[in-house]
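Asks: Protein chains in written order, with our numbering: chain A, 1 to 338; chain B, 339 to 676; chain C, 677 to 1014; chain D, 1015 to 1352.
Derived by calculation from the structure, the hints in this document are not laboratory data. Remember, it's a predicted structure, so these values are computed and weren't measured experimentally. For glycine and all other residues, C-beta sits at the position ideal for the given N, C-alpha and C. Fair warning: there could be bad hints in the mix.
DEER-style ranges, computed between Cβ atoms [what the hints assert, rightly or not]:
#1 B:Val428 - A:Arg22: 48 to 54 Å
#2 C:Asp687 - A:Ala23: 28 to 34 Å
#3 B:Arg674 - D:Lys1020: 43 to 49 Å
#4 B:Ala361 - D:Lys1020: 54 to 60 Å
#5 D:Arg1046 - B:Glu346: 27 to 33 Å
#6 C:Asp687 - D:Asp1127: 53 to 59 Å
#7 B:Arg357 - D:Arg1342: 24 to 30 Å
#8 C:Lys682 - D:Asp1094: 45 to 51 Å
Number of protein chains: 4
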Amino acid sequence: MIIVLKSETSDADVADVERRIRAMGYTPHTIRGELRNVIGAVGDDRGKERLRALESLECVESVTPILQPFKLASREVRRDNTQVRVGDVVVGGRTIVVMAGPCSVESRLQLLDVAARVKAAGARVLRGGAFKPRTSPYAFQGLEVEGLKLLAEARRETGLPVITEVMEPERVDVVAEYSDILQIGARNVQNFSLLRRVAEAGKPVLLKRGMSTTIQEWLLSAEYVLSGGNPNVILCERGIRTFETATRFTLDLNAVPVLKRLTHLPVVVDPSHGTGHWEYVEPMAMAGVAAGADGLLIEVHPRPEEALSDGPQSLKPDRFAALMTRLRKVTRALDRDL
Amino acid sequence: MIIVLKSETSDADVADVERRIRAMGYTPHTIRGELRNVIGAVGDDRGKERLRALESLECVESVTPILQPFKLASREVRRDNTQVRVGDVVVGGRTIVVMAGPCSVESRLQLLDVAARVKAAGARVLRGGAFKPRTSPYAFQGLEVEGLKLLAEARRETGLPVITEVMEPERVDVVAEYSDILQIGARNVQNFSLLRRVAEAGKPVLLKRGMSTTIQEWLLSAEYVLSGGNPNVILCERGIRTFETATRFTLDLNAVPVLKRLTHLPVVVDPSHGTGHWEYVEPMAMAGVAAGADGLLIEVHPRPEEALSDGPQSLKPDRFAALMTRLRKVTRALDRDL
Amino acid sequence: MIIVLKSETSDADVADVERRIRAMGYTPHTIRGELRNVIGAVGDDRGKERLRALESLECVESVTPILQPFKLASREVRRDNTQVRVGDVVVGGRTIVVMAGPCSVESRLQLLDVAARVKAAGARVLRGGAFKPRTSPYAFQGLEVEGLKLLAEARRETGLPVITEVMEPERVDVVAEYSDILQIGARNVQNFSLLRRVAEAGKPVLLKRGMSTTIQEWLLSAEYVLSGGNPNVILCERGIRTFETATRFTLDLNAVPVLKRLTHLPVVVDPSHGTGHWEYVEPMAMAGVAAGADGLLIEVHPRPEEALSDGPQSLKPDRFAALMTRLRKVTRALDRDL
Amino acid sequence: MIIVLKSETSDADVADVERRIRAMGYTPHTIRGELRNVIGAVGDDRGKERLRALESLECVESVTPILQPFKLASREVRRDNTQVRVGDVVVGGRTIVVMAGPCSVESRLQLLDVAARVKAAGARVLRGGAFKPRTSPYAFQGLEVEGLKLLAEARRETGLPVITEVMEPERVDVVAEYSDILQIGARNVQNFSLLRRVAEAGKPVLLKRGMSTTIQEWLLSAEYVLSGGNPNVILCERGIRTFETATRFTLDLNAVPVLKRLTHLPVVVDPSHGTGHWEYVEPMAMAGVAAGADGLLIEVHPRPEEALSDGPQSLKPDRFAALMTRLRKVTRALDRDL
């Protein structure tokens, strides 16, 4: 932490701040500048957050953290990339892992149809929502446990492992029973009770970025899962909220190289939610992989114009297959597989 | 819903879209413009969300909702202001209700000291966090049930009703046992499972705006509680996330008159979280009331420089008392009480 | 500046960075932490920006400025509030200065009518646009010099000083000939050529915040005018761009107390552009004054539904008069005049 | 335009709004809904902006535009991609055009050195700033005309056409004398006087997006140049301002496919300014091309750690060459050239 003092600060004030820093267990290093004094506080990072309270002293102008506050998620703690294994599938290795399927599981027929077709096109994981977080209480809320059972059936039929969202701590066990990867949605990225529970569930976790979560906060959410004993965390960029309304969200691909620098965890990109419109899914999927992502999460629906949720951003199976063909060329140019 | 067709659309396409609109139970009204055709879909609003799926048709350029999607929260459904009663306190009436206390309950002494002093200065509700949603897993997480018991003790001592945050569906019952108002924090504004549970708890709910929640989404979250059978919802503006870093968040006071126009629910403002810095709390508290808010949520701590959370934004009890004195003059000028 | 080194940095790297800091004329102070080293660079602030280039060294993690980069605008350089005099009117004193009038000067009749009515209601300055920055080339672009002449006529008729916008360096002289305050619009807040020119024009300057300008950048733009020899700068908050679409912009009243802390320059608030809707102008005008603003900029039009620009946010003269009556009570409660 | 009326609207109100629409030269089409009435206004788009003023009527809830307000920039007006020719170079064709060079022209040696090296690596246009828009008045402001002459010399030496920024209407002629492409910087995207002047200068214009400019506003700025008689406009995405601070701006690659859908103008991407950090330039350059961009603008400096501006985001020549090698593989996979 760097504590900046106000310009008129007396020596007694400096001594008082130094004393308080020591009392919290840190060592103060004071730099006397021409206009004002600055104190660096050195020591164990875990509790550094408490130093921020010094900002309420009259003589303190600001308290600025210097180090990233996450530990286990940091590339400094672990240099090698984490590879998350889901059956035969490895997320974070040489192969780009595409997870595809409908936004919501709507019926047995719909799901089995889509599952077979995304598998044929090269998807390695089947996605599908059974519990749906919907902005409006009047919108379709998902098939719930019935949907989970259909996902399990589709897994048996296709051999594809399954990813689906869990929204409540109380439901973690039942979702973990049917699903291979537990998805934490954007709206739950700081649902800390839920993060603590999935840490104990023994299944890989895909953690979506919140729509206004900074990369640092996102990695602290990952830290909840990692420090709870679950090392298998996949990060998923899915768009942030900005002033631009031409897209549903602003898919922030900058997050991919930033994460690759800061953390060892694998990173996937969701161009469907990120853009909100099917015409933008292919170019942003290509761009996500070119930016260095380890995988993609893509919504596919046999008849998007009749979908119960997120129709506008769903690809038809044929378009998805065409995207996979184009993507294969790009991944090869990047020395990766699809 | 207004469905805008692309410019090259054929008559067959128009007929197809009209047919689909009818199939979903709506009546299409087509306006033929000079450059393109536009279709209005008229009918019951509840399921209109489904019409959005039409955006995935090749001939459709965009689907734009025209009506606000919330019902029970709307001023059209209920013209008179809702007044939420908490013991003798009425939120949403002529009196500005100030809820004050520490960010976190840290100890019996701290809480009882602050409680007595905010009461003496004119606060009508005691705030204090027992379960704390913390960005970092390494930060102080609250005294939990022990904190709830201290809040109940402070209520007995001072007679002030108590507001505290609940973070998990499973904890709603225990928090409701000790607390008079259930607070839903910014990070849980779209935790729909939690919203459904507090709807059933039979206690008033204070629903904070999320840091990137639009006013429309916020009212839809309120709608979850209202449609679950609980009419006692208080909305709390607490700052949104923008590019500006001079304040912790950007307290969006524009939300106050916008809400007053759209909804009958009472609105309070939290200048402590909204600005993140004690020097800005007084001017923004005054401004919040001048903008039309029905109450304020303010953090007060006896020694902010030692606070376990949010020290920089906490007022000392003396400053809080001075704020109340200045605020009293402004409320009088606005023909309201404090 | 605080230069944070990467964790694996060698002593030779530290020495190299220290050498480079000295070569740029600064004194390095190295703090050796448990995880990494941090170097503070002390010296004359003017050229500190150059130190940022050190971030491109492989061993440097980040370079963080500690001091505010503006000087003349800073309250540290000048403790007393600047008062800007415009004829008999003082902006930045005890009296709240309301500047009112139409968005655009549309005709002689319109302008003289509004001018008389805003004066009668208590406005102290007449606003009106002659050169209009319009997003679309097909929108009404203003009456230009003809508009300036009408403003001068309205000043003669009412005695009110006049504020109007100047958009081009080449036009500064002609606008300064007719206007008492030169307004720099939000889109030109970083038009540095224009800022340099108005610094030389010898008239007070009202500098609007850009829609994505941080407070620090805004004060640096003010610094262009101040360092160019013109001390009479008024800052005007007019709304920033955020994800919220219920208002045209998000009027950021937090900027008022932040500016009052950082700078001695007077601050006014424009609730018309900030909200974009007439129903929100009164509450946000009240709130702006309660937050500590020294004045208001308000759009008034005799028939907003026929205005050539910004009709939705214009008040009718009667509403404006009613606002002034309510505002007078609040200013009195704040120990200020109107 | 779609005019939504409030729910309590009388038939007389509807008739009044219809009358006003007709008076402005449009044809009203009224749709009577269950909850409220909606009126579509059909007619010539040029003046539709005026209809917005109807929002100030008491009975009107909102006025929503349906069509994109730009014309000449629209793909509906011109289906084929515009190709902008600069000497032998074509922007908007099959070949990805890389424009590279230093942020600022600092000296003859620096510029000629970089120019030769970026040419050798495959750049097709030389970039370099002579007039620099700097946030602080105390920062290096560019070599001005001296810088222009050095650029012209570098063009003679290398044969590369030159792009440089123009900031003032008065300087357009001198910049056009030395430069092959006129760059309008992000801060001037709504400097309408400047846009009108470059429209007349007879040279191609590269128009950067502003940091808070919507795509629609950006295309309206392009419309100023197009409607002024200059069809040779290149759009350049360079990052928008969001809450995320891990990158200097948020490079919005979503803009690439959105623009490709809406307009026929070529699109290039600036990953240097967009990310603000050299380590992110390569992945975001790759991603920009994969998203469909027609070119890149990249900052290269022989010694970034000593650069007078934007050192942290500049690549060394060797890194730039390595990027071009990797990029060549990706462009080939996309059936384009480099």
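Asks: All hints, please: hold or fail.
Replies: Hint-by-hint comparison with the structure:
{"no.": "1", "hint": "B:Val428 - A:Arg22: 48 to 54 Å", "verdict": "49 Å, holds"}
{"no.": "2", "hint": "C:Asp687 - A:Ala23: 28 to 34 Å", "verdict": "32 Å, holds"}
{"no.": "3", "hint": "B:Arg674 - D:Lys1020: 43 to 49 Å", "verdict": "27 Å, violated"}
{"no.": "4", "hint": "B:Ala361 - D:Lys1020: 54 to 60 Å", "verdict": "31 Å, violated"}
{"no.": "5", "hint": "D:Arg1046 - B:Glu346: 27 to 33 Å", "verdict": "30 Å, holds"}
{"no.": "6", "hint": "C:Asp687 - D:Asp1127: 53 to 59 Å", "verdict": "32 Å, violated"}
{"no.": "7", "hint": "B:Arg357 - D:Arg1342: 24 to 30 Å", "verdict": "50 Å, violated"}
{"no.": "8", "hint": "C:Lys682 - D:Asp1094: 45 to 51 Å", "verdict": "50 Å, holds"}
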